[in-house]
Amino acid sequence: MKWLLWKDYRHNRIILLLGLGFLLVPHLFALYALHRQASQSWGMQHPWQYAFGVSSYAGLLISLLTIALIAGSAIAGERVDRSAEFLASLPIARRTIVASKLVLVMTIAAVIWATDGALFGCLAAADSPEMGRLFPDWQKGLAMFAAVGLAISGIAWLFSSLTTSPMLSVWAGMVSPPAIIGGTAYMNHLFELRMSDDQLGLFCAGICLTLGIAGFIAGTWYYLRRVEP
Amino acid sequence: MIASTETGPALELIGLTKRFGRTLGVDRLSLTIPRGSVFGLLGPNGAGKSTTIRMLMGMLAPTDGQARVLGIDVAADPVEVKQRVGYVPETHHIYRWMRVGEVLGFCKSCFRKWNDQTCRELVELFGLDLEKKVKHLSKGTQVKLALLLAVAHEPELLLLDEPLSGLDPIAREEFLDGVLRTICERGQTVLISSHMLDDVRRLADTVGFLYEGRLLLQDNLDTLLASTKRISATLGDGCRPTQAPDGTIWQRIEGREWIVTLRDFTPEKLGQIQATQGVEHASVIDLGLEELFKDLIRGQRVAS
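Top to bottom, those sequences are chains Y and R.
For the first sequence, position 204 matches number 204 in our numbering, and the numbering has no gaps at all.
For the second sequence, position 212 matches number 1212 in our numbering, and the numbering has no gaps at all.
Note that these hints are calculated values from the structure, not bench results.
Here the structure is a predicted model, which means the values were calculated and not measured.
Keep in mind that a hint or two might mislead.
[As the list claims (entries may be wrong)] So the derived label-pair ranges between C-beta atoms look like this:
#1 Y:Thr107 <-> R:Asp1073: 31 to 41 angstroms
#2 Y:Met106 <-> R:Lys1294: 52 to 62 angstroms
#3 R:Lys1132 <-> Y:Arg225: 48 to 58 angstroms
#4 R:Ala1303 <-> Y:Val103: 49 to 59 angstroms
#5 R:Glu1124 <-> Y:His35: 55 to 65 angstroms
#6 R:Ser1227 <-> Y:Thr96: 48 to 58 angstroms
#7 R:Gly1288 <-> Y:Leu17: 54 to 64 angstroms
#8 Y:Thr96 <-> R:Thr1118: 43 to 53 angstroms
#9 R:Asp1129 <-> Y:Leu28: 14 to 24 angstroms
#10 R:Ala1303 <-> Y:Arg225: 36 to 46 angstroms
#11 R:Asp1129 <-> Y:Tyr9: 18 to 28 angstroms
#12 Y:Arg225 <-> R:Lys1294: 41 to 51 angstroms
#13 Y:Thr96 <-> R:Ala1061: 17 to 27 angstroms
#14 Y:Met167 <-> R:Gly1178: 38 to 48 angstroms
[Claimed, not checked] Straight-line Cα separation of at most 25 angstroms, SDA-like style, residue types lysine to any residue; simulated pairs:
#15 R:Lys1108 <-> Y:Arg82
#16 R:Lys1113 <-> R:Val1079
#17 R:Lys1135 <-> R:Ser1109
#18 R:Lys1132 <-> R:Gln1142
#19 R:Lys1294 <-> R:Asp1237
#20 R:Lys1132 <-> Y:Trp3
#21 R:Lys1108 <-> Y:Leu5
#22 R:Lys1135 <-> Y:Asp81
#23 Y:Lys140 <-> Y:Ala109
#24 R:Lys1139 <-> Y:Trp48
#25 R:Lys1139 <-> Y:Val80
#26 Y:Lys2 <-> R:Gly1101
#27 Y:Lys140 <-> Y:Trp48
#28 R:Lys1139 <-> Y:Leu65
#29 Y:Lys140 <-> Y:Leu65
#30 R:Lys1108 <-> R:Cys1119
#31 R:Lys1133 <-> Y:Leu5
[Said to hold, decoys possible] One-sided and incomplete, this derived list gives chain Y residues near chain R with beta-carbon spacing under 8 angstroms:
#32 Arg79
#33 Ser83
#34 Ala93
#35 Asp127
#36 Ser128
#37 Leu200
#38 Val227
#39 Glu228
Quick reminder that beta carbons are idealized off the backbone N, C-alpha and C, glycines included.
Next comes chain Y alone, as it looks inside the complex (with noise of 0.2 angstroms):
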């Protein structure tokens, strides 16, 4: 397992390195900008506050696409290089291989919340006024990007069990929640429905929850059950 861990981390270094530049990248961007306005500190008493929030906030959007990135590479990645033949002629469990390609993508996502989420969230819970304009409802979009973040891998990771196209997978991932949530919006108004924008957001949320385990549930129960690489 220790071998296979090392394997799908290093096969997938490049999209790794990527996520680490979405996670720094903002918060460069939040040093320099503080640099840059030493002097004036923006009129704010806390600026470094505001800005590691946004940056905070910012990297966990584009993180997004990391785990997108991930979760649909994990499995199509290999096929689309055929070096998954070389895996399945090795003696290796099915379930031993996809449970190491489900640690790295749980590895990342830990990573990410470990980081960004929980510098959002303690910014955001210090209850500046500057971070209380910009997001109001801070533990609400949290929750919504770890609903939309589910279900862009879950997604992403039943579409690498089924096709060889990387590319597909991630598409298909990132596409899932404007999807959920245009398509509950278009709802809401064609059968007048009258949701407020708290209960949609709540019933995509749900959607996105259980659409994103389910993703995992079958791209796993496929990936097992199959006997091709």
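Chain R: place on chain Y using the hints.
Then chain R, alone, in the frame of chain Y:
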């Protein structure tokens, strides 16, 4: 030396069938290969050799039938089959970003058994650079690496799918004489699919001919070559044989020359041909494996 304590055949295929949509890849293939034998699986491109080997490795699900490898049902326990079998595929897809040393470490971690000494010897024999990345290896060197990976865990059965294509003659010789011969002498079972009939002739004791997914013929190689003959007969002017003799694999008439390739040849069969109306003279020609292969395939093409 690895020798299975279990008895029973090394390979047992019972009505193994694989369909790809409407195309039949392997058609009700039934075959038994005893332990310790070296079996040459021959056939033209698309005959179903690779498909059969992939099903034996549990990398392709059969549409119908059953495959038992070393007494294990492949569908039920493919991981155990892979533990005990060495496999060299036709095309190599080893992780291109790995260094040779990393490939060896990765594969070693997957197998219960791994002979470090064999591994070291083959690294030296093949001149593999452990620091080199797979993507920087030549095709021939990738083949050598694949061969090393197939034998380093001391498999009881080797499945070789066109293993030597891409190897230069010297490396081929080294592998055939140095590695495969040792394996054959140890009593391990080998199934080798190859277009290089000379290599098969040198190693195999039994051969099977596949054509369009069907097993046309399976026999001990020496017996087969001894019992299959080509007969060249001279026909009288305007004479043509009305019927092919029993056991005809392929026949051709060109001008006054009638050439027949016969299975289960006996002097009586030669007598029958000589007694055929219009035959003025008939002589027997010995066949090599390549000629037998060609005649068998030609005969099937004419028949179909």
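Taking the hints in turn, this is what the structure says about them:
1. Between Thr107 of chain Y and Asp1073 of chain R the beta carbons are some 36 angstroms apart, a value that agrees with the proposed interval 31 to 41 angstroms.
2. The beta-carbon spacing between Met106 of chain Y and Lys1294 of chain R, approximately 57 angstroms, falls within the hinted interval of 52 to 62 angstroms.
3. Remark: the range hint 48 to 58 angstroms for Lys1132 of chain R to Arg225 of chain Y is contradicted by a beta-carbon distance near 38 angstroms.
4. In this structure the supplied range 49 to 59 angstroms holds for Ala1303 of chain R paired with Val103 of chain Y, their Cβ-Cβ distance being about 56 angstroms.
5. Between Glu1124 of chain R and His35 of chain Y the CB atoms are about 58 angstroms apart, so this pair conforms to the stated range of 55 to 65 angstroms.
6. Restraint check, Ser1227 of chain R to Thr96 of chain Y: a C-beta distance of roughly 50 angstroms satisfies the suggested window 48 to 58 angstroms.
7. For Gly1288 of chain R paired with Leu17 of chain Y, a C-beta distance near 57 angstroms keeps the hint of 54 to 64 angstroms intact.
8. Against the hinted window of 43 to 53 angstroms, the Cβ-Cβ separation of Thr96 of chain Y and Thr1118 of chain R comes to about 26 angstroms, which falls outside the hint.
9. The hinted window of 14 to 24 angstroms between Asp1129 of chain R and Leu28 of chain Y is violated, with their beta carbons roughly 40 angstroms apart.
10. Between Ala1303 of chain R and Arg225 of chain Y the beta carbons are some 40 angstroms apart, a value that agrees with the proposed interval 36 to 46 angstroms.
11. The hint said 18 to 28 angstroms for the Cβ distance between Asp1129 of chain R and Tyr9 of chain Y, and at roughly 24 angstroms that hint holds.
12. Range check, Arg225 of chain Y to Lys1294 of chain R: about 43 angstroms between beta-carbon atoms, so the 41 to 51 angstroms window is met.
13. Taken as a hint, the range 17 to 27 angstroms holds for the pair Thr96 of chain Y and Ala1061 of chain R, whose Cβ atoms sit roughly 20 angstroms apart.
14. With their beta carbons about 45 angstroms apart, Met167 of chain Y and Gly1178 of chain R fall inside the hinted range of 38 to 48 angstroms.
15. Distance restraint check for Lys1108 of chain R and Arg82 of chain Y: the Cα-Cα separation of roughly 21 angstroms lies within the 25 angstroms cut-off, and the hinted pair is therefore satisfied.
16. Of the supplied pair hints, the one linking Lys1113 of chain R and Val1079 of chain R holds, its CA atoms being roughly 14 angstroms apart against a limit of 25 angstroms.
17. Taking the CA atoms of Lys1135 of chain R and Ser1109 of chain R, the gap is about 22 angstroms. The hint holds against a cut of 25 angstroms.
18. Among the hinted pairs, Lys1132 of chain R with Gln1142 of chain R is consistent with the structure: their alpha-carbon atoms are about 11 angstroms apart, no more than 25 angstroms.
19. Taking the CA atoms of Lys1294 of chain R and Asp1237 of chain R, the gap is near 29 angstroms; set against the 25 angstroms cutoff, the hint is violated.
20. A C-alpha spacing of about 19 angstroms is found between Lys1132 of chain R and Trp3 of chain Y, which places the hinted pair at or below 25 angstroms, so the restraint holds.
21. Between Lys1108 of chain R and Leu5 of chain Y the alpha-carbon distance is near 15 angstroms, which keeps this suggested pair within the 25 angstroms criterion.
22. At most 25 angstroms may separate the alpha-carbon atoms for a hinted pair to count; Lys1135 of chain R and Asp81 of chain Y meet this at roughly 12 angstroms.
23. Distance restraint check for Lys140 of chain Y and Ala109 of chain Y: the Cα-Cα separation of roughly 19 angstroms lies within the 25 angstroms cut-off, and the hinted pair is therefore satisfied.
24. A hinted pair counts as satisfied when its Cα atoms are at most 25 angstroms apart, and Lys1139 of chain R with Trp48 of chain Y does not qualify at roughly 56 angstroms.
25. Taking the CA atoms of Lys1139 of chain R and Val80 of chain Y, the gap is about 20 angstroms. The hint holds against a cut of 25 angstroms.
26. Under the criterion of a C-alpha separation no larger than 25 angstroms, the hint pairing Lys2 of chain Y with Gly1101 of chain R is consistent with the structure, at around 16 angstroms.
27. In summary, the hint linking Lys140 of chain Y to Trp48 of chain Y is supported, as the alpha carbons are separated by about 23 angstroms, within the 25 angstroms threshold.
28. In summary, the hint linking Lys1139 of chain R to Leu65 of chain Y is not supported, as the alpha carbons are separated by about 36 angstroms, beyond the 25 angstroms threshold.
29. Note on Lys140 of chain Y and Leu65 of chain Y: the hinted pairing holds, with a Cα-Cα distance of about 21 angstroms set against a maximum of 25 angstroms.
30. For a cut-off of 25 angstroms, the pair hint linking Lys1108 of chain R to Cys1119 of chain R stands: about 10 angstroms separates their Cα positions.
31. This hinted pair checks out: Lys1133 of chain R and Leu5 of chain Y have alpha carbons roughly 19 angstroms apart, not beyond 25 angstroms.
32. Of the supplied interface hints, the one on Arg79 of chain Y is violated, with its beta-carbon coming no nearer than about 10 angstroms to a beta-carbon of chain R, more than 8 angstroms.
33. This hint holds: Ser83 of chain Y has a C-beta 5 angstroms from the nearest C-beta of chain R, less than the 8 angstroms allowed.
34. Annotation: Ala93 of chain Y was flagged as interfacial toward chain R, and the flag holds, the nearest CB pair being 5 angstroms apart, inside 8 angstroms.
35. Checking Asp127 of chain Y against chain R: minimum C-beta separation of about 48 angstroms lies over 8 angstroms; hint violated.
36. Among the interface hints, the one on Ser128 of chain Y is violated; its C-beta lies about 46 angstroms from the nearest C-beta in chain R, farther than the 8 angstroms criterion.
37. Contact between Leu200 of chain Y and chain R, as hinted, is not supported at the beta carbon level, the nearest pair being about 45 angstroms apart and thus beyond 8 angstroms.
38. Annotation: interface hint on Val227 of chain Y holds; nearest CB of chain R at approximately 4 angstroms, less than 8 angstroms.
39. The criterion of a C-beta within 8 angstroms of any C-beta in chain R is met by Glu228 of chain Y, whose closest approach is roughly 6 angstroms, and the hint holds.
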